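One line per chain: the protein sequences are U and V, in this order. Using the numbering used here, the first residue of the first sequence is number -8, and each one after it goes up by one. Using the numbering used here, the first residue of the second sequence is number 64, and each one after it goes up by one.
Careful: at least some of the hints might be erroneous.
If we take Cβ atoms under 8 Å as the criterion, some of the chain V residues that face chain U in the derived model are [unchecked claim]:
hint : residue
1    : G127
2    : S158
3    : P261
Sample of chain V residues with no beta-carbon within 12 Å of chain U, all distances over it, derived [as the list claims (entries may be wrong)]:
hint : residue
4    : T186
5    : L191
6    : G229
Label pairs and their calculated CB-CB ranges [as the list claims (entries may be wrong)]:
hint : chain 1 : residue 1 : chain 2 : residue 2 : range
7    : V       : A139      : U       : N105      : 44 to 54 Å
8    : U       : G162      : V       : V262      : 31 to 41 Å
9    : U       : D116      : V       : V262      : 17 to 27 Å
10   : U       : T151      : V       : D171      : 37 to 47 Å
11   : V       : E109      : U       : D78       : 44 to 54 Å
12   : U       : P149      : V       : N205      : 29 to 39 Å
13   : U       : N105      : V       : Q80       : 34 to 44 Å
None of these hints come from the bench; they were simulated from the model. Quick caveat, the model's predicted, so the values are computed rather than measured. The C-beta atom is built at its ideal place from N, Cα and C for all residues, glycine as well.
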Amino acid sequence: MQFGVFSVGDITPDPNTGRAVSEAERIRIMVTVALKAEEVGLDVFAAGEHHNPPFVPSSPTTLLGFIAAQTQQLLLSTATTLITTNDPVKIAEDYAMLQHLADGRVDLMMGRGNTGPVYPWFGQDIRNGIPLAYEHYALLHRLWREDVVDWEGKLRTPLTGFTSVPRPLDGVPPFVWHGSIRSPEIAEQAAYYGDGFFHNNIFWPADHVKRMVALYRRRWEHYGHGPADQAIVGLGGHVFMRKNSQDAVREFRPYFDHAPVYGGGMSLEDYMAQTPMTIGSPQQVIDRTLGFREFVGDYQRQLFIADHGGLPLKTVLEQMDILGGEVVPVLRREFAALKPVHVPEAPVHPRVVAARAEREGATADATSHVASAPSGVPA
Amino acid sequence: MTTRARWVEVVSAGLGQPSSTRLLADRLTAAVDRHLRDAGVDATIEVVELRDHAQDLTNHLLTGFPSPKLQAAIDAVLAADGLIAVSPIFSASFSGLFKLFFDVVERDGLTGMPTLIAATGGTARHSLALEHALRPLFAYLNAATVATAVFAAAEDWGSAGIASEGSLVQRIERSAAELASAMATRESRHAPDPFADPVPFEHLLKSQDRG
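Could you put together the complete structure from these sequences and hints?
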């Protein structure tokens, strides 16, 4: 199972001091968080993509490429890549380039974006959110799998004889997760392609998350990718920990009350009761996180939001020390003990390449006829 | 004639306890129930008092999801066969609390819903708010609003409780008959559940081609 952190890259004044960091500082903080993730033994760092203040990360592959150069093991991902307003051709090129530079340590999470004006700023229409997600991804999927693409759709200029370069590393496209909080259409899309499905869990009650993931699993099986419990599921999470849970709550409360996504509404206590947010001791976080598999099944990736809401970098790094030192090792052990052997890990580049080599070896050894490469998509 | 079952949900945005808005809602409810039974329809009627959900409604707007209690109220409205929606008139329109609720109900959830709109106010001078505020709101939501909307001014409660021409009682009767008739002639509503019956991806792609 993969554990990691994601950063949306918001500039929010620290409610305790009123001070907001500069863009330069905020970008450095994202890099520091990513390097810390590797240092404390986490598997994944995922960067948000935004095109409006108070966010800084508009150019994720630049950021992730810079991080790739300073890490050895860390898997670099996105939270999320805007499949609606980005040109799928540019996504294909940018992330294939990153994949080469990072030796395959790259995957992506597709999202539609929730800021209305970003669509017109990029020449699109928010009412086409789902159609854009479908059409752009259908093209991206082909660009990474076919060397020469002729394509015509409704929402982008046609292509004739186009080759997206560089080709994916070793001919293996980056693994893709589709993230959606509330649209069953996106769970359906993820299931259709046999891609991963990510639910950012932090904003919604468990009942809803359960329904979305159950739909994705059922449809994954329907489309012939294997049994439902082998579908690839990821979850978000929001935690804040201190040795004593009361200290955690006391220290985190001003950040909750002033966070743009949380503040002004319900109390921290009500929010924790109704969503998977966990503010407390490391043991409480372990127990709550282990509980996630009770409503989504055995899953492959758990990301926690790292730096956000104006938390000082020092605090963020302390949290990551606790996460990497006390929480994730226990979660790895416990989740592994609970997971049946037939439930796969999330695909990563070296494993996909090795599996392919094994298959090809087997095919070459056999006297036979069939060389049906699994395309990942039903015929 | 076989007895059929229909579900009526009443949404009342009165603030006082008791409130004249709830009083009007109850009169409408009783009349609709009687007309449905006369038409051989067995009605189950449930009331949502928005006052009980006021904080949850604000929280929903800010955090993006409903509390379990509010979700149950929204689900009940979406699953109903008919809706009675009653608001006090504040500052020339429905109350903010009333609007909050319909702001968080799913956009297409009320499509085709037989709906009776009603309102209360201090004087009859506010009665057209039903026509310039409530009716357009439900038109936007694609609800099937019945022709007669019922306004109860304070003085109406002091007039004779008989169905004389133009009286509150007569308006309640006419409107209730219209709602009962709209409900009785329709099949029970069945809102498709996108989780139980997902639209296959190929269809989703195709519907895009037509769009």
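Results of checking the hints against the structure:
| no. | hint | result |
| --- | --- | --- |
| 1 | G127 | holds (6 Å) |
| 2 | S158 | violated (20 Å) |
| 3 | P261 | holds (5 Å) |
| 4 | T186 | holds (37 Å) |
| 5 | L191 | holds (33 Å) |
| 6 | G229 | holds (45 Å) |
| 7 | V:A139 / U:N105: 44 to 54 Å | violated (28 Å) |
| 8 | U:G162 / V:V262: 31 to 41 Å | holds (33 Å) |
| 9 | U:D116 / V:V262: 17 to 27 Å | holds (22 Å) |
| 10 | U:T151 / V:D171: 37 to 47 Å | holds (39 Å) |
| 11 | V:E109 / U:D78: 44 to 54 Å | holds (50 Å) |
| 12 | U:P149 / V:N205: 29 to 39 Å | holds (36 Å) |
| 13 | U:N105 / V:Q80: 34 to 44 Å | holds (38 Å) |
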